[in-house]
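2 protein chains.
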Amino acid sequence: MQARQALEQAEVVLGYKTYLRQAEALLKGKEVIASGMTHELDRAGEALDLALTGKCVAMVSGGDPGIYAMAGVIFDVAKVRNIEFGPGSDQVEITVIPGIPALAAAASLLGAPLTHDFATVSLSDRLTPWELIEKRLHLAAEADFVIVLYNPKSKGRPWQLGRAMEIVTESRSPETPVGVVARAMREGQSVTLTTLGQVNEADVDMQTVVIIGNSRTYTYQGRMVTPRGYLEKYPDAV
Amino acid sequence: MQARQALEQAEVVLGYKTYLRQAEALLKGKEVIASGMTHELDRAGEALDLALTGKCVAMVSGGDPGIYAMAGVIFDVAKVRNIEFGPGSDQVEITVIPGIPALAAAASLLGAPLTHDFATVSLSDRLTPWELIEKRLHLAAEADFVIVLYNPKSKGRPWQLGRAMEIVTESRSPETPVGVVARAMREGQSVTLTTLGQVNEADVDMQTVVIIGNSRTYTYQGRMVTPRGYLEKYPDAV
Chain A
23 MQARQALEQA EVVLGYKTYL RQAEALLKGK EVIASGMTHE LDRAGEALDL
73 ALTGKCVAMV SGGDPGIYAM AGVIFDVAKV RNIEFGPGSD QVEITVIPGI
123 PALAAAASLL GAPLTHDFAT VSLSDRLTPW ELIEKRLHLA AEADFVIVLY
173 NPKSKGRPWQ LGRAMEIVTE SRSPETPVGV VARAMREGQS VTLTTLGQVN
223 EADVDMQTVV IIGNSRTYTY QGRMVTPRGY LEKYPDAV
Chain B
23 MQARQALEQA EVVLGYKTYL RQAEALLKGK EVIASGMTHE LDRAGEALDL
73 ALTGKCVAMV SGGDPGIYAM AGVIFDVAKV RNIEFGPGSD QVEITVIPGI
123 PALAAAASLL GAPLTHDFAT VSLSDRLTPW ELIEKRLHLA AEADFVIVLY
173 NPKSKGRPWQ LGRAMEIVTE SRSPETPVGV VARAMREGQS VTLTTLGQVN
223 EADVDMQTVV IIGNSRTYTY QGRMVTPRGY LEKYPDAV
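Protein chains in written order, with the numbering used here: chain A, 23 to 260; chain B, 23 to 260.
Simulated from the structure, these hints should not be mistaken for laboratory data.
All of these numbers come straight from a predicted model, not from anything done at the bench.
Among the hints, a few may not be true.
The list treats identical chains as interchangeable, and a pair is accepted whether it falls inside one copy or across any two copies.
No farther apart than 30 angstroms at their CA atoms in a straight line, the calculated lysine-lysine pairs in the DSS-like style are these [to be verified]: (1) K77 <-> K50; (2) K157 <-> K255; (3) K39 <-> K77; (4) K255 <-> K39; (5) K39 <-> K50; (6) K101 <-> K52; (7) K255 <-> K101; (8) K177 <-> K255; (9) K255 <-> K50; (10) K39 <-> K101; (11) K157 <-> K77; (12) K52 <-> K157; (13) K39 <-> K52; (14) K50 <-> K101.
Model the full structure from these sequences, guided by the hints.
Written as structure tokens, this is what we have:
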């Protein structure tokens, strides 16, 4: 709702072309600047340049713009360039409008795997040292967090997912439920329920979210559910 | 959008009264069953009973129904009662419709604190042993995850938040940015930016989300931002 209003008000709309296509109906009569993946810094700088000319500018993200997405990059660039965006600034005003994150969309299609504590880890080592990613996977697995993997695999990063599965398997059973959701809520959606020991890496690409259950996550009638613990606490209530 | 359609179709709507009030305009002419907090198992059972009579039933959650919310409880109860809900079942059909989780709404108001890996931990020890919560906090802090605290404090649980802050401070500077957001996007919203060493527990109640930055999270012009790492990797790009 808030996102729709912002798009309606915008004079210029920027974004990755796949996401702009989903908002096509709202873009008529506007200046539209579509881009490919990567070049995030350029895109953020361009949006800020346009906003500094006084235009109302919208940057479109898939899912939620604040979760592994463009909101942070825009603030980073504004900071480095000393652009004033705080309350009362007459340079630019930056507003982040939340959306439904890929993790929530994926979870809803699988059942209810995120009803208890979870950790999200991006497997992209383009900007983060692989050692830190491995450390986070080890500790998240040890803590029995449900684990959500973002950016699990791409053409240039073929082996990271397999290694991540190995790490989690060190402290979790190969029978642990795993949900693999690609392109949630958009064209080409696919939802696969499997186990830690049986994940088919061919089902996974850059537009996939992988959710690994915790030690209590179960599957039942095709759904993946992490119990909050009501029935353990009140076994005679139902 | 999908949530609105589901409410329009529903003949019976159940939910916690605060959340039902927000959807009031969509409830006219429907059977509405409001409840207080707790009694989650009863509420889930009642929804399933009504659905088994052939009625179209909606259960309303705040934020996203799959993140620490009712979706999991409904599957739990359906499982214990051997209710068939899988594809093609003629008993009931269960659909989870995602929403904007409290963590995403809170993050958007603070700036962009969730642009990198994060862990969410509920401090409620009503159903989870406190030892497990402490273990997760220790490991999440050691992994340098941004940490999102759900259910940080209530009248019956006054000391857990202070203890959580102590644990995180063992491996993170007291200068680490912390965002405290209550009632994001609804009446009584409050947004506070502070540090790990300065959190005022009086700002925090059961309807608050607390976001603790990682070792790289910064604040600038009143916003809290966790960088993804573009500028460290490409320092001359801007």
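So, against the hints stated earlier in the document, which numbers end up violated here?
9, 11, 12, 14
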